[in-house]
Every structure is written in C-alpha cells, then in structure tokens.
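As you go down the protein sequences, you meet chains V and W in turn.
The numbering of the first sequence is this note's numbering, which starts it at 30 and goes up by one.
The numbering of the second sequence is this note's numbering, which starts it at 30 and goes up by one.
There's no promise every hint is true.
Computed footprint of chain V on chain W; a stretch qualifies when at least three of its residues, placed anywhere within it, have a C-beta under 8 Å from a C-beta of chain V [as the list claims (entries may be wrong)]:
#1 68-82
#2 106-120
#3 133-145
#4 166-173
#5 191-205
It should be emphasised that the hints constitute simulated quantities derived from the structure, not laboratory data.
Don't be surprised by glycine CBs; every beta carbon is placed ideally from N, CA and C.
2 protein chains.
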Amino acid sequence: MNISIILAHPDNQSFNHAIAKAAITRIQKNGHRFNYHDLYAEKFDSLLPSHEIPANALLPREIKTHCDEIGSADGIVIIHPNWWGQPPAILKGWVDRVMRPGVAYKFLEGDQGEGIPIGLLKAKAAIIFNTANTPSIRENEVFGDPLQRIWKNCVFDLCGIPAFHREMFSVIVTSTYEMRLSWLRKVGNVISQYFPAERGSSCSR
Amino acid sequence: MNISIILAHPDNQSFNHAIAKAAITRIQKNGHRFNYHDLYAEKFDSLLPSHEIPANALLPREIKTHCDEIGSADGIVIIHPNWWGQPPAILKGWVDRVMRPGVAYKFLEGDQGEGIPIGLLKAKAAIIFNTANTPSIRENEVFGDPLQRIWKNCVFDLCGIPAFHREMFSVIVTSTYEMRLSWLRKVGNVISQYFPAERGSSCSR
Chain V
30 MNISIILAHP DNQSFNHAIA KAAITRIQKN GHRFNYHDLY AEKFDSLLPS
80 HEIPANALLP REIKTHCDEI GSADGIVIIH PNWWGQPPAI LKGWVDRVMR
130 PGVAYKFLEG DQGEGIPIGL LKAKAAIIFN TANTPSIREN EVFGDPLQRI
180 WKNCVFDLCG IPAFHREMFS VIVTSTYEMR LSWLRKVGNV ISQYFPAERG
230 SSCSR
Chain W
30 MNISIILAHP DNQSFNHAIA KAAITRIQKN GHRFNYHDLY AEKFDSLLPS
80 HEIPANALLP REIKTHCDEI GSADGIVIIH PNWWGQPPAI LKGWVDRVMR
130 PGVAYKFLEG DQGEGIPIGL LKAKAAIIFN TANTPSIREN EVFGDPLQRI
180 WKNCVFDLCG IPAFHREMFS VIVTSTYEMR LSWLRKVGNV ISQYFPAERG
230 SSCSR
C-alpha cells in the first residue's frame, strides 16, 4: 500500500510530531510505502487564489504533486492539533487547494456545482489523529466536536473514502509520560488495524 | 458603536464582497464607526508560528493591530464562503493568530490551558454571513453544519460575546439577480437589528 501522511503543527518538538513518527514507523514496519508532508516544515502556501478555483485551472508544481499523491494514495493519515474545533490554517489551506475538483471529487455533467459531487479518492481508509487541551466530554457537549463532522462528513465521505477513523488525544498539557507512551502505542495499533502488515514484509518475518 | 468587519474571499467580484459592501453601507448609515479588513486584499499571513503561541509572545505590528481592533470592537461582522464546512484558510489563520489568550480569552491563574477559559471580547454581538453552493437541507442533514458550531460554540461563546447571528445564503451558483438583491437587503436588516441607528445619526435625521 501507498500511504499519504500529512502533519500540521508549528513546533517540531510537539507531540503531533511524535505521533507522525510513530505512524511512519508502523507503516514502514508493515511494509508499506509512504509520502510524508510536514506542512509547516515545507512552508506550504495555504491560500487558495481565485484563479485556482476552476476545475481546469493550471496548478503550481507543488500543488500538482500534492494532488497526484493524494489521488493515488491507498490510505491517508492526517495529524493536527484541535485549534478552535478546526485544523490549523495551514492544513485547512491544504484541503482548500489539494482536495480539488477532478482530484478529490467531480460534479455530473451539467451540474454547475450545486449538486451532489461524486468522490474520486481511491484510498480505502482515512485516519485522523488529533491532540487537544479540551477534555472529550466538554468537546462533545459544549462544542459539538466539529472536527468529526468536518473530516468524516464534509471531507472524506464526500470524496468517497469508505473507512474513517479518528482518535482525539487529550488533555495534552497535563498528560504524563506514561499517557503519551500509551497514546503512541494506540497510534501504531490504529495504523495496523487499517494498513496491516503485508505478506513478506518485515513485520511478518 | 465601533464595528469590526472581516472578509475572506479571493475574488473581489464575489458576492461575498457585495455582502461586505452592503454591511458597511448600513453600518455607516446607522452612524457607527468601523474597521474593515479584506484579508485576501491585505495578504494576511495566516500561519500561526510556534513562537506566537505563548500568551506573552511579542507580536508583529500587523497582528497587534488586528488584536487591538477586535478587543475593542462593540460588534463583529465576518463574511466568508462555506469551504468544506469551514472558513477559507486565510480566515482560519486570522482566528488562530488574532483570537489570542489575553485578547479573546484568558485562563484562571494556575490553569495551564486545560480548564475553561474566560471570554474577554467586549463586543455585544457577532454576525456571520456565509455563502454556499450546498442547499441548507443537505448542509444540515448530511454535513451537520459545522460552521454553526465553529463560530457560535467554539469561538464567540467561548470569547464571551452574548449575541450571535448567522445567515447562510445558498445556492449561490444558481441564484438569480433578484435573489441576490433580497439577500443584500437581508444583510442590511440584520445589521440594523444588532447595530441600530444611533440618535442623531444620518439614518434618524
């Protein structure tokens, strides 16, 4: 399998980076290939300009590469902190620019964009790992956990990905070393659940 | 009153720009002062860097100005299209960088950030105008309308603003001239409902 991993956190010492590392380690151990993007490290330009909105727009090489990768991925892993019930702006911009018509979805002929799009992504599963400083009961009861709707309903269901899994690790600021270790083990387990070791990979030797 | 108006749309011929113009016209007619930011036009840098996360961080002048304005506003008006159940990245970045601790909310002493923050904004009302190409029944039933939770629960309730109003104008791509005119009248009416004409303003002469 070929897995796309997208990380959005400004601090390279963050627990989000540790999650990405744990995910990559397990993906490699399970014998899969992967593309990894640390959006802050690569200074991803998150602003969708007007001229990129049409489905037939000419794309900068950087965006084209992202589109080709996500369009051909067998699995997608996204890692980000919960900032205001949403991803950081840099990741929102990745969605705005990369999850394009013709790449992630299309409209039926004659539809100007008001109808129900058809998902085009071929990935079998999308996994979201989030960190938060809001306890999960408050996230659900006070905020309504918008990240669940955003990623599952608005993005991946629409783009045709059949399996979705999201883990929210909280509370980060008061977590112990042991809690973090157990969360990283959870990351590995979720990866193996959706992208298991292939026959003949290092994991099954 | 002093109203902050924030617009996020890349195309200056967009209906979002027409909404902003209608809002400003009514705000002026009602005798209020305002600050207006077309985030795309001013090339707002939407990436929250690591060193700006601490509450006592030194801020670039541009961000400091935005913080001062939003912290002293009596009313807030935000205009943006619905992109993936979320604002465009440039506006998400405005929230990430401007709605800061010490400006929009604070934690009680001894709280590392895991507790319930106290809202600091003094605005009496926040109004959101959205455009969409998704019919409202599909937005609610399939997507769960994340923008309502994002703006009301996650942002403005948390920051202490007592009144919230949101209008979603859809479907834009198939709308007629008459529909758009009626939507712009609605914009004016909503503005006057929350920020009515002051005694002695041009409106009451």
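Open item on the list: Just to make sure I understand the rule, a stretch counts as covered if three or more of its residues have a C-beta closer than 8 Å to a C-beta of the chain. Does the stretch 68-82 of chain W meet that for chain V?
Closed with: Holds: 7 residues of the stretch 68-82 of chain W have a Cβ under 8 Å from chain V.
TODO: Three residues minimum, CB to CB under 8 Å: does the stretch 191-205 of chain W make the cut for coverage by chain V? Let me know.
DONE: holds (count 3)
Open item on the list: So is the stretch 106-120 of chain W in contact with chain V by the C-beta rule, three or more residues under 8 Å, or is the coverage claim wrong?
Closed with: n = 8 at 8 Å, threshold three: holds.
- [ ] Examine the stretch 133-145 of chain W: at least three residues should have C-beta closer than 8 Å to a C-beta of chain V.
- [x] holds (count 4)
Task: Outcome, coverage of the stretch 166-173 of chain W by chain V - at least 3 residues whose beta-carbon is closer than 8 Å to one in that chain - done: Held - the stretch 166-173 of chain W has 4 residues with a Cβ nearer than 8 Å to chain V, which meets the minimum of three.
The structure is consistent with each of the numbered hints, conforming to all of them.
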